[in-house]
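Take a look at the letters that make up each chain.
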Amino acid sequence: MNEGANVFFVLLGAILVFAMHGGFAFLEVGSVRHKNQVNALVKILVDFALSTLAYFIIGYTIAYGTTFLASAATLSGENGGGFELQGLTLVKFFFLTTFAAAIPAIVSGGIAERMKFVPQCLATLALVGLAYPFFEGIVWNGNFGFQGWLEAAFGAPFHDFAGSVVVHAVGGWIALGAVLHLGARLGRYTADGRAIGIPPSSLPWLALGSWLLCVGWFGFNVMTAGSLEAISGLVALNSLMAMVGGILVALVVGRNDPGFVHNGALAGLVAVCAGSDVMHPLGSLLVGGVAGAIFVKGFEWCQLKLKVDDVLGVWPLHGICGAWGGIAAGVFGLETMGGIGGVSFASQVIGTFAGVVFAFAAGYLVYGVLKAIQGIRLSPEEERRGADLSIHKIGASPEHDIGR
Amino acid sequence: MNEGANVFFVLLGAILVFAMHGGFAFLEVGSVRHKNQVNALVKILVDFALSTLAYFIIGYTIAYGTTFLASAATLSGENGGGFELQGLTLVKFFFLTTFAAAIPAIVSGGIAERMKFVPQCLATLALVGLAYPFFEGIVWNGNFGFQGWLEAAFGAPFHDFAGSVVVHAVGGWIALGAVLHLGARLGRYTADGRAIGIPPSSLPWLALGSWLLCVGWFGFNVMTAGSLEAISGLVALNSLMAMVGGILVALVVGRNDPGFVHNGALAGLVAVCAGSDVMHPLGSLLVGGVAGAIFVKGFEWCQLKLKVDDVLGVWPLHGICGAWGGIAAGVFGLETMGGIGGVSFASQVIGTFAGVVFAFAAGYLVYGVLKAIQGIRLSPEEERRGADLSIHKIGASPEHDIGR
Amino acid sequence: MNEGANVFFVLLGAILVFAMHGGFAFLEVGSVRHKNQVNALVKILVDFALSTLAYFIIGYTIAYGTTFLASAATLSGENGGGFELQGLTLVKFFFLTTFAAAIPAIVSGGIAERMKFVPQCLATLALVGLAYPFFEGIVWNGNFGFQGWLEAAFGAPFHDFAGSVVVHAVGGWIALGAVLHLGARLGRYTADGRAIGIPPSSLPWLALGSWLLCVGWFGFNVMTAGSLEAISGLVALNSLMAMVGGILVALVVGRNDPGFVHNGALAGLVAVCAGSDVMHPLGSLLVGGVAGAIFVKGFEWCQLKLKVDDVLGVWPLHGICGAWGGIAAGVFGLETMGGIGGVSFASQVIGTFAGVVFAFAAGYLVYGVLKAIQGIRLSPEEERRGADLSIHKIGASPEHDIGR
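Residue numbers (the UniProt record's numbering), protein chains in the order written: chain B, 1 to 404; chain Y, 1 to 404; chain F, 1 to 404.
Since the hints were derived computationally from the structure, they do not count as laboratory data.
Small disclaimer: the values here were computed from a predicted structure and weren't measured.
Even for Gly, the Cβ is constructed at its ideal location relative to N, Cα and C.
Don't take each hint at face value.
Reference listing, derived: stretches of chain B covered by chain Y, where coverage requires no fewer than 3 residues with Cβ under 8 Å from a Cβ of chain Y [stated by the list, open to error]: (1) 35-48; (2) 157-165; (3) 305-317; (4) 384-395.
Have a look at the derived ranges for each label pair, beta carbon to beta carbon [what the hints assert, rightly or not]: (5) Y/Ala-361 x F/Arg-194: 52 to 58 Å; (6) B/Lys-297 x F/Leu-69: 27 to 33 Å; (7) Y/Ile-196 x F/Arg-194: 44 to 50 Å; (8) Y/Glu-382 x F/Gly-142: 54 to 60 Å; (9) F/Gly-226 x Y/Gly-148: 42 to 48 Å; (10) B/Leu-130 x Y/Glu-382: 32 to 38 Å; (11) F/Asp-401 x Y/Gly-368: 49 to 55 Å; (12) Y/Trp-149 x B/Asn-2: 38 to 44 Å; (13) F/Val-252 x B/Ser-379: 54 to 60 Å; (14) B/Pro-380 x Y/Val-252: 24 to 30 Å; (15) B/Ala-230 x Y/Glu-399: 48 to 54 Å.
Just chain B, with the same shape it has in the complex:
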């Protein structure tokens, strides 16, 4: 039964992280304008589907070396034709697919309200099929000897338990590359460089997205253990504490703004992924709290100073808070800081830096190529009408729209 229980455990993780994708969808629905809500919904669902295909066909093989396609023309052979039917392989693939699909889901929030549909689909295929698993394999499967080199040089490999860097920072820095190519939404900045507020459509939908993400996140972090023997109550508690820290600091720094409070929870959770298995709960509280502040200040800095129109703030949220989490694991995971130890500050800095550089380059390249080949941005008329009517021929409230 051991095996069955582990399958159950990892499957529950996959289901919880799959539910997070609903969270990505509704977070974006609430954060964009009404005329782009449908597009947010369709993007997330279709990106998830394309990610699954790309990761099944090539991505998982790049990261972990095993291939589903070569070994399994039929399931009727011994051991399911190599599929290990009741084993962990298939649910682990499902679980890791939901991680991989987080990449386009993160990017989606940055490029919202003006991106063309087909290039976004192509970018998803390239990013989830090739770019993400390349770095994933380096960190989580020891590919190319990077981890071995870090361990030899600094005493410990790059520790990224549940993906502050591998998933979140990578997603966030890819998004930055994409947003730089895409440019700001029409009307976001005046000719003389002042920012014009573009209000979100709905706080309840934004909050629902945040709730789904928060709830699913406990699967994201805890089930990363991969088996019941390795389950760690500490991971759950640290996730809780970091979320709490993110909420409370974003509440104060963000002056009780509901968008900051709900994204503050996510900021804390992004930052805790890397070190959730080695940090002290009070360290996690602090790491999450700092992330909450980083998000609020980073969002304002990005939008108002840098004039980078990252609509949902996915670069500060996933990109910067993820990098912070990667580095923080090298501080608060140390025994001297109350942690369990076994981490190296230098390895954390180098690993995080590598992820950030790789991701930004990948995002900048992929979206740059697509921009050169076919263009990535809706026409001004399409953007003004909204992505819903322009792409999907229907708005979010058809009865109301037609009733007018």
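Assemble chains Y and F onto chain B, guided by the hints.
The following block gives chains Y and F in isolation, referenced to the frame of chain B:
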């Protein structure tokens, strides 16, 4: 602990499928007009409650022979007075109740916006207490020797692992019977037979319903195994692949319509239930993809050619895609098609056909009798005002309605 | 693996009950007016965060004697520096935190639409850090010999399996104390004492809240067992039956009002917590049904006769139905009523009464002190403008608000 772990496993399945009923509710909320949203919400919750009662009192006994009422005047006797308190019996009942209650939840989407409340409650009692468990017992408990005959005649019984036919096709074809008696909504077709579009109220609510259904579906399929020893990672992966196929094909065939994309995911999941434990993942991808196309084309055919006003398209979605899934298990479950084998094409066709005929007859009969006895349709004035105000004396947005 | 499986089990309970807090948020979003939706969302999330801190620092220690802070300056010592890293302690803390945080979440619904933000935060710290764990420890940890005395005097201790009294009645009666200090919303009652209806903003959001609560409730009740060995299918079935009873009776007594139907499900679930492990399923159906009637009649009595403006009816829902559940466990848990036995009617009445008196006193005291020190109520101008704009400087639909 084995026993406890199995109870936990099946219970999680029950919780996940219970959550799907919230999905049914919100899918209908988003798909109907604003004036019928409250009715959608109340119908699903009350149908679930009535289903539980009917299935507890008689339905489960019809399907599986065991009765709760006779053997358990008190729990204080040996072995919980026959209740096997910590055993699997009670959570299996809960799990199967959530399946049984899917029947009126499916029907609800077809008969939306014009059905009277009390006859719908009575239909639920008859369908969940009598009709559904009759066929359920034939397929899943071997009642009446149907399965034995198929096995003797064609080498394998009718294989419907998680209910493409037993639950979905049966629900969908019952709905067709109901909708035929009920007739189209006022204003749906002109006197000369043209269809007039009746727009849905809200894509975000529709999408939330789809997400809840998709997430819960992994419990629907995986926990059908019934014990941890029998858990199959293949079932999870196949469900994922079929959902992905449904999304992508509905995207293309449905020309990027958000309703089609979100229902396409469900179409794939409906179709994969039957063979999810025996098909190859690539087979499942194909089966789900075909289901996505079937739904889009079937919905348009049903609404525009047949002029059957099945509001949410539950007949194409559950009825036709469910039948497709039953038959497809007999193709893609074969060893020659990469599957595990142990299925018979003839048995699948016969079993599916039996389910379809039985369900249509049951639905046509039950709603026909109710129509003859007390009428099943709101008056034209009530329908125009909306089911919310007519039945529940309150609309979906009371503050806004009163503020006008 | 035993230990790991138990950690998994309790963790799933914590995740499910954490999701219920999303349910509290959306139930309030739908039940209040549009101008107070954001405040509902922020209150629930921030109260959850503050509850976690207060319970971590002091509350859990008051209830169970163990302290996290003293024993764990670093995790690197033997056995995780006393943290028992892979043991049950940490997830049990998480699980019980989600219970403790239900107190301010319950109160939040009563004090909605006119409460100041900071005093509510302070009340949460006092209630979750001190008051709730004081009574929790008496009932669930045998503190102060109360349970021992009841057992000696009446043959059985006060039986409150999952917290009909410890969580729900306590929360509801604290809320009554708060609401009495706060007074009715502006315009709720005329000068000559007539009640003016204040319509809820959105039934779909209210229903979503109810669904999240219902789904998570199965974790609330079942995972209270604390280990897989102790899991009870009966608890799950009884929860189901009580929910069904609450729905159906509220449907009839509440004349098909959607708010009553969706809260009726919750009323049944509140009432079944205490005796869900000892009552017969038919007893649970009855207990839940009575709770459904209590809620409908109690809500009307509270609002129209007593003129206590408890916005969501949390006093009847959690306070009165919780007390009913505590007493009902002493009736329907008896062997003569088909239950498993081991409960004492007298102990149930005394324990329930103690909880009610303690909670009302605590709530009245805490909110009274805060009222005296800094005031607890928004100014009339702030209340008219709405808590959203007054406290959070943004409404629930910013795009729409600004577009006007």
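Looking back at the numbered hints, which does the structure fail to meet, lowest number first? 2, 3, 10
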